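Visitor: Sequence:
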Amino acid sequence: MFSKADKRKAQNNAVRAAPSLISTDLEIAGNLNTPGEVQLDGKVEGDVICGKLVIGEKASIAGQIEADEVVVRGRVAGRIKAKDVRLAKTAHVNGDIWHDSLAIEAGAFLDGHCKRNDAAPVAEAVSDPASRRSSTAAARVATASARKTEVAAARGAATQDDGAETVAKTAARN
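Just so you know, the sequence shown maps onto residues 66 to 239 in this note's numbering.
Hints are computed from structural coordinates only; laboratory data are not their basis. As the structure is a prediction and not an experimental result, all values here were calculated from the model. Every residue gets a Cβ at the ideal spot worked out from N, C-alpha and C, and that includes glycine. Incorrect hints may have been included.
[Said to hold, decoys possible] As a list, the in silico BS3-like pairs of lysine-lysine whose alpha-carbon atoms are at most 30 Å apart:
{"#": "1", "residue 1": "146", "residue 2": "108"}
{"#": "2", "residue 1": "146", "residue 2": "123"}
{"#": "3", "residue 1": "123", "residue 2": "180"}
{"#": "4", "residue 1": "117", "residue 2": "154"}
{"#": "5", "residue 1": "108", "residue 2": "180"}
{"#": "6", "residue 1": "117", "residue 2": "180"}
{"#": "7", "residue 1": "148", "residue 2": "108"}
{"#": "8", "residue 1": "117", "residue 2": "146"}
{"#": "9", "residue 1": "154", "residue 2": "123"}
{"#": "10", "residue 1": "148", "residue 2": "123"}
{"#": "11", "residue 1": "180", "residue 2": "154"}
{"#": "12", "residue 1": "148", "residue 2": "117"}
{"#": "13", "residue 1": "180", "residue 2": "148"}
{"#": "14", "residue 1": "180", "residue 2": "146"}
{"#": "15", "residue 1": "123", "residue 2": "108"}
{"#": "16", "residue 1": "154", "residue 2": "108"}
[What the hints assert, rightly or not] Just the calculated beta-carbon pair ranges, DEER-fashion:
{"#": "17", "residue 1": "92", "residue 2": "166", "range": "13 to 21 Å"}
{"#": "18", "residue 1": "183", "residue 2": "91", "range": "18 to 26 Å"}
{"#": "19", "residue 1": "92", "residue 2": "114", "range": "16 to 24 Å"}
{"#": "20", "residue 1": "178", "residue 2": "90", "range": "29 to 37 Å"}
{"#": "21", "residue 1": "142", "residue 2": "166", "range": "16 to 24 Å"}
{"#": "22", "residue 1": "100", "residue 2": "165", "range": "12 to 20 Å"}
{"#": "23", "residue 1": "90", "residue 2": "183", "range": "35 to 43 Å"}
Let's have the full structure, built from the sequences with the hints guiding it.
Guide: This is the structure we're talking about:
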């Protein structure tokens, strides 16, 4: 009469819990980590990792945020990394936003870069300016070396045009 599929549906519904609430009079110095939803109206100094995060108008976070969905109505000082990010008109964000989809209402404040999650985070991996300069220089050397190889190959290569005449490529064309 009852199948296994019905039992699985009942178990999945039981796993869902009410959102965790952080009220306006609560200040947290530390990290928050939950797979569920968090409604933040207080202050957090630390990183927040959760399924969904809703930041109230008077709330503030000083730290990084990682979530599936983030709605910002208050203040954030730090990086936001999420699938869906929405900045309400009362939002004030100082930091980069990594996202799949991003919505910004008129009046929202954002001081940072917006980047898609599928972009390579090269700039984050190299934070030291001296290292960044040396890696940029190495990239230039590699590009120049590749160009020299292409030019040398083009000089030595011969191709045939439509009239079956052999035309040698010269460095002047490159």
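Visitor: It remains to establish, for every hint, whether it holds in the given structure.
Guide: The hints, checked one at a time:
1. 146 / 108: Given pair residue 146, residue 108 holds - Cα atoms ~19 Å apart, limit 30 Å.
2. 146 / 123: Within the cut-off at roughly 21 Å; holds.
3. 123 / 180: holds, 26 Å
4. 117 / 154: The hint holds at about 19 Å.
5. 108 / 180: OK: residue 108 and residue 180 at ~26 Å, within 30 Å.
6. 117 / 180: It holds: about 20 Å lies between the C-alpha atoms, which stays within 30 Å.
7. 148 / 108: Distance of about 23 Å is within 30 Å: holds.
8. 117 / 146: Between residue 117 and residue 146 the Cα gap is close to 12 Å, so the pair holds against 30 Å.
9. 154 / 123: With Cα atoms ~13 Å apart, residue 154 and residue 123 stay inside 30 Å; holds.
10. 148 / 123: Holds, at roughly 24 Å.
11. 180 / 154: Holds, because 20 Å separates the two Cα atoms, which is no more than 30 Å.
12. 148 / 117: holds, 10 Å
13. 180 / 148: Holds - the C-alpha atoms of residue 148 and residue 180 are around 11 Å apart, at most 30 Å.
14. 180 / 146: Within the cut-off at roughly 9 Å; holds.
15. 123 / 108: Answer holds: residue 123 to residue 108 is near 9 Å, not above 30 Å.
16. 154 / 108: holds, 20 Å
17. 92 / 166: 13 to 21 Å: violated, 31 Å
18. 183 / 91: 18 to 26 Å: The hinted range 18 to 26 Å is violated for residue 183 and residue 91, with Cβ atoms some 36 Å apart.
19. 92 / 114: 16 to 24 Å: holds, 19 Å
20. 178 / 90: 29 to 37 Å: holds, 34 Å
21. 142 / 166: 16 to 24 Å: holds, 23 Å
22. 100 / 165: 12 to 20 Å: holds, 19 Å
23. 90 / 183: 35 to 43 Å: Given a distance of about 40 Å, which is inside 35 to 43 Å, the answer is holds.
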